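Asks: Make the complex out of the two chains shown on their own, each in a separate frame, by following the hints.
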Amino acid sequence: MGICTIEFRIPALTTCLPDSAQGFKPCRQYQTGSGIYVRGQGAFHLRGNCVIERDYYYTTQGFYTDEVDMPDAITYGAVAGIWLFNNSLKIEASFDGLKSLGGFDIRRQDAGFPSNKMNFTRVGGGLQYYFPFVKGFGVVASGGYILTGRNVGQSLALSGGVTYQFGIW
Amino acid sequence: MKKIFPLLIIFASALLFFQSCEKDLPQQLDYEAYEFATLDEDGGTWNPVLLNAPDQIGIPTPGAITDPAYLTELAAVKAASAQLTRAQDAAVRYWSSNSLIRWNEIARELTAKYNLTPAPNADGTYPAPNAINPGQYPLFPFSHPPYACRMLAYWGGAQYDALMVNWHYKYQFNRPAPYTVDASITTHLPENGLPSYPSEGATIAAVSQVILSAMFPLEKDFITEKAAEHKSSLIWAGMNVQSDIVAGDSLGRAVAAIFMNRAKTDGMANAQTPRPISDSLSNAAQARWGWHWENLESPRRPVGITPYFGRVKLWCVPNVEAVRPVPPPAPGSPEFLTAVAELQDIADNLTTEQRKIANFWADGLGTYTPPGHWNRFAADLMVKYRENPLRSARTFAYLNMAIMDAGISCWDAKYYYHYPRPAGAIPGFKTILGTPNFPSYTSGHSTFSAAAATVLGHIFPAEKARADAWAEEAALSRIYAGIHYRFDSEVGITQGRAVGNYSVEVAKLDGGE
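Read top to bottom, the protein sequences are chains E and B. Be aware that the first sequence starts at 1, since it is given in the working numbering, and climbs by one per residue. Be aware that the second sequence starts at 1, since it is given in the working numbering, and climbs by one per residue.
Everything labelled a hint here was simulated from the structure, so no lab data went into it. Don't take every hint at face value.
[Stated by the list, open to error] Stretch-level coverage of chain E by chain B, calculated; a stretch enters the list once three of its residues show a Cβ under 8 Å from a Cβ in chain B:
| id | stretch |
| --- | --- |
| 1 | 100-113 |
| 2 | 143-149 |
[Unchecked claim] With a cut-off of at most 20 Å between alpha-carbon atoms, the simulated EDC-like pairs for lysine to aspartate or glutamate come out as follows:
| id | chain 1 | residue 1 | chain 2 | residue 2 |
| --- | --- | --- | --- | --- |
| 3 | B | Lys313 | B | Asp266 |
| 4 | B | Lys113 | E | Asp105 |
| 5 | B | Lys356 | E | Glu53 |
| 6 | B | Lys113 | B | Glu191 |
| 7 | B | Lys356 | E | Asp105 |
| 8 | B | Lys356 | B | Glu473 |
| 9 | B | Lys113 | E | Asp110 |
| 10 | B | Lys226 | B | Glu109 |
| 11 | B | Lys384 | B | Asp30 |
| 12 | B | Lys113 | E | Glu92 |
| 13 | B | Lys113 | E | Asp96 |
Bear in mind the structure is a predicted one, so any value in this text is a computation, not a measurement. A virtual CB, placed ideally from N, CA and C, is assigned to each residue, including glycine.
Chain B extracted, bound-state conformation (with noise of 0.2 Å):
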């Protein structure tokens, strides 16, 4: 009986010391609250992506300062942010004092939780996602990369626009934040300085709310949770007046029912082409270049994703032959046999650090996709130089363009030069990574990642580069995975730069530089 008891303790103590090590895991970029490096008072003369002007939205002129209403208002958060409950403490935290980034990381997150290809049925045909009637499986959307560029370019574009219009009333009423009307009143995130009318915190939640429910309508409910506990911490936090938060939100919708307008036209409908379509894209590759790519999975899919996503309309770039690439080394050819030894050496020798690379940058099924991927440096980026929102809609804004003209781009030379993948074309070729279904020439993956390091580039010049490094490792990522030829890797670099430099030249006119 002596002997047990300090066995006992032994075994209780080694029982906290693993459940102690077993610390949090972050769940989202943890950051402190802080002040805007610039405020940017001339941003409302800034060049808009869509809309002509920022005075095209209107909203309706403040009350003084003075008027019972306000003072109203007023009062109202001062009663409410005196003293919070632990929940509106945790609320205020957490949407902080860019909330751009917490809906940045929402967008990601339902990409990846809907970025799960579809099964097929019993008689070996594959079903298809309906916008119509998305909670039918395969549920809409089927988030991949082609998809989570789209989305995320809506989505930044908007906000800048908003912002900028947003940006406009906040400097033409000048209605100061009510911590300086009345200095007692309590504040939980930085006195930023900004008029408070309209806010900007209810513009970004307005405008993520419309955008997101369109592109991922089964998450409608939780996105307006998400919103309505955004808008009433800006009142908790003693930041803006319920006036303040209904005039932003209502230029935020009417800015993103314009986004949305532009993308019910923009050919995405029709990416996702029938059957028939796909095989004459497949034939006419076979007629032109005397190769095509074909699906290798059991039961084969038919049509490979979205073979019309190269028609989409494009932002920056004046069209896809700007930048479409030169065909691919045929089958055969000395510089295709040369990238096959390659590719058979690698597999043959993996280091674990060319592995290590690969599934740092798989970015596949049931992730954020590499469009996410560069978001979420980008949201680094953003806090590590303080952006005030309207500079962070900026950055996602011309990343997101850049990245889904890039998608387009790529997907364009994908399926004109539809050529086969190394799995396809090499016999009993294994690979560490599944292979996309869409053909192989130019990699997905180096265009998004080099377009969007242009662009990340440009706006953060000691940034540079690490970001174009990081791109390179992407690149390299997919022939170490077995999955691309180095030449669909590097012409990718190079077309992602073309594309993303379209990018840079129109935001070094756009008066934001």
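For reference, chain E alone in the conformation it holds in the complex (with noise of 0.2 Å):
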């Protein structure tokens, strides 16, 4: 038996302000009022066994078989933003997390395991820009913070990039 992983995500909720009747696209959307959006999500994830390429393997106790039982998760998130300057400039600022529901702990010099109890909460935050000389070009940039973890690190995590948006019909 291969990997059997299913998710059900669950739009806790899902509130843009002023106008959420745009599908997809409400981020770009907002003309009209402040501008102030938020969004929600929240999903439970209901994970199966992976297949790892030995046949014996040490979580707190010993298993012979390649199959390891993942732990179920739950991951939720919230973002709150703005669009400024004329829909030019997005600013926005995030928090999301993953709790597994079971697992186990990486011991003290020990490898990560698939199935460890992977849990965090993180706080982020991203910028998007659109130049108003050339059509469709703008830049992104985002970060995020892991503030609290158990089995996964600390960390800082920034990124950049450059962004086209062309119309295909």
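Replies: Here it is as structure tokens:
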């Protein structure tokens, strides 16, 4: 049997202010109003077994199989942001997290393992800016910092990039 | 609302489907209790490993089966085995007909649990486990391959001698089993026809308790609890009366003590040398050969794993020089450059199959090590060929003495030749597994595996081709992983076979062929 993992994602809160009737693109559509938006998300991950390339491993006890029982998990998150300067600059702040409903801790000097109990909470933020002089061109930057974690390293991740949006039809 | 109902049903059934595919994962060898292929009634006359003769260990003459004391014990067995609780039934099924398999699994599991390398101190130095204070970090032991192979050799050898003593008295006293004396006794394991005094199960439990408690001192309570359950299960199963168990237990302890006495003076206490000795080995190699190995971790580990393991007392090989391989090709020589070119080619073009082989045989930190891997193969074969406990102990004894001799011989070569690892000798070289903390030549996996395959091939001739193929694959896996040159593995295979043949020669003359 291979990997069987299914996930149920429940949009816990999708409130886009003031106009949420724009489907997947509300964040670009706040032409009216103050341009403030918030978004929430929650998911339950029902995980099956994964397969590794050896048929014995030790977690808190030995297993004689290449299958690993993966802990189920919950992810959650919230985002608040605002579009400024005639929708050319987006600034947002986020908070999200992962909570494993099982699994085991990495022992000192042991290697990480797929079924470790991984938990974290993270704060982040992002910027997106569209240049007014070239249509579709923009830059993005985002960052996230792991606030608390279990079997997850405390870290700061930063990313940046250039975007170009164009129509296909 | 009408649309939500079918959706909920689909959701619920998907949940059930995926939950049901998560079957329980196996935590032990799943086997049905079996009848033994042979009883080996002459087992008490075979040649022991350390004992001079089986009757060197004495046990009381058992009371006759007509004695009131015996009849009281028999009634207790009858009452206990008539109706088992769920937990008692589970214990009987767990320990089953050949409890050596379970104790071997426990030994392997403890090996995996304690196979963690010490973390560095804040100042960049490294602490070492201390047998005097095992609970202080780093916990004692660090069950690396040399530790594991030695533990298994003492466990297997002691089981073999103890069961030889056990068989000697079984057929000297010929006390019939409880179910033979009273046919109305309910049994929960195959009625194997062995005389029941002394109990072979109790001997196995006692030997395991003494050896494993000494080797894993922090697990003493866990091991004691297991041994107590094991001995109780023999009564629940209707296989032994209490005096069978007491006698089996006492002889097991006596034999295990003899093995632990050897262990105290076998040289292992000095194997993890202090830094000056370790440095002197490195300097000697530099002077003699013009090269030396260095640990590449950060901070650098000042001493490799057990530099003096090559000086530990051997079981079946007369001395390490008898099986010491020829010197490896000098770094920079044509033969060396060919091996390096192969490693670079593999690293650049690693196939999925090669990666799988490297991972399958990795047996690194947090695992039961290569010696544990070969014990697992042996346990599978014991069930397949329905070996009785004495014969299984013989298999474990020769297998693990050969594996330990292979480890000693390999470690002798490693620190005598002190050969650099590929990661140290090839600039910018990347490996897919971590490079172990000891010199390269020869490959431990190859030497352990060839010795093990040689013994298993002798004991189970029909499995020889399969065992040899496993050993070859284990040897190749280290080349695929980038942590050994081909000559490390190939010479290791030859060396391991030579070591294994010494054990086979002893086995051929021990009376148990």
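Asks: Out of the numbered hints, which ones does the structure contradict?
Replies: Going through the list in order, the structure violates hints 2, 6, 7, 12, 13 and respects the others.
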